[in-house]
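S.K.: Sequence:
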Amino acid sequence: MVEPDTDRRWRLRHLPVLLGASAALAAVAAVVGGVTGGVTAALGAAAGVGVTVLSYTLTTVVLARADQVNPQLLLPLGVGLYVLKFSLLGVVLVAVASTGWPGLIPLCLGIVAGVAVWTAVHLWWLTAVHARRPRG
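Residue numbers -7 to 128, in this note's numbering, belong to the letters of the sequence shown in order.
By construction, these hints were calculated from the structure, which means they are not laboratory data.
All C-beta atoms, glycine included, are put in the ideal place defined by N, C-alpha and C.
One or more hints might be untrue.
[Claimed, not checked] Derived Cβ-Cβ restraints for the label pairs, each shown as a range:
id: 1; residue 1: Ala120; residue 2: Val53; range: 30 to 38 Å
id: 2; residue 1: Val84; residue 2: Val23; range: 20 to 28 Å
id: 3; residue 1: Leu76; residue 2: Thr111; range: 18 to 26 Å
id: 4; residue 1: Leu118; residue 2: Gln60; range: 38 to 46 Å
id: 5; residue 1: Val88; residue 2: Ala112; range: 41 to 49 Å
id: 6; residue 1: Arg124; residue 2: Val20; range: 35 to 43 Å
id: 7; residue 1: Gly30; residue 2: Leu67; range: 25 to 33 Å
id: 8; residue 1: Thr49; residue 2: Val83; range: 16 to 24 Å
id: 9; residue 1: Val23; residue 2: Gln60; range: 37 to 45 Å
id: 10; residue 1: Trp93; residue 2: Arg5; range: 32 to 40 Å
id: 11; residue 1: Tyr74; residue 2: Ala120; range: 39 to 47 Å
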C-alpha cells in the first residue's frame, strides 16, 4: 500500500538549486563566449544553457505532477517527453545549422555544459542534501 504524501513538495525541492547553478553557468558561458568569439558566441553559449534548463525543467515539473496524480503515468510521459524533446532539439539544430549562424558551435557547447552542470549539481543535491534529510 502506498502511503499518502506527507511532504507534497519534495519532488521539486531540488529545482531552485539547479536553476541557480544553471543561471550562474549561463552567465559564465556568456562571458567565455563573448571573450572567445564575440557577441554571437556569447548569445549562442548562453542560449545553449537555456535550452538545457528549459528541457530539464519541463521534464522535472511534468514528471513530478504525473507522480502526484498517478505514478503509472511516469514511464509513458517520461518516454514521450524524451522523444519529443530530442526530436525538437534535432529539428532546431538542423534549422540553425542550415542558416550558417556562427553561434551554432557555442550553442552546442552551451547545451553540453548545461547538461554537465545540471547533472553534477543534481547528483550533489541528492547525495549531500536529500540523503541527509531526516525521514518520517
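S.K.: If a hint holds in the structure, say so; if it doesn't, say that too.
M.R.: Now for the hints, and whether the structure bears them out:
no.	hint	result
1	Ala120 with Val53: 30 to 38 Å	violated (23 Å)
2	Val84 with Val23: 20 to 28 Å	holds (24 Å)
3	Leu76 with Thr111: 18 to 26 Å	holds (20 Å)
4	Leu118 with Gln60: 38 to 46 Å	violated (20 Å)
5	Val88 with Ala112: 41 to 49 Å	violated (26 Å)
6	Arg124 with Val20: 35 to 43 Å	violated (28 Å)
7	Gly30 with Leu67: 25 to 33 Å	violated (44 Å)
8	Thr49 with Val83: 16 to 24 Å	holds (20 Å)
9	Val23 with Gln60: 37 to 45 Å	holds (39 Å)
10	Trp93 with Arg5: 32 to 40 Å	holds (38 Å)
11	Tyr74 with Ala120: 39 to 47 Å	violated (27 Å)
In terms of the numbered hints stated before, the structure departs from hints 1, 4, 5, 6, 7 and 11, listed from lowest to highest.
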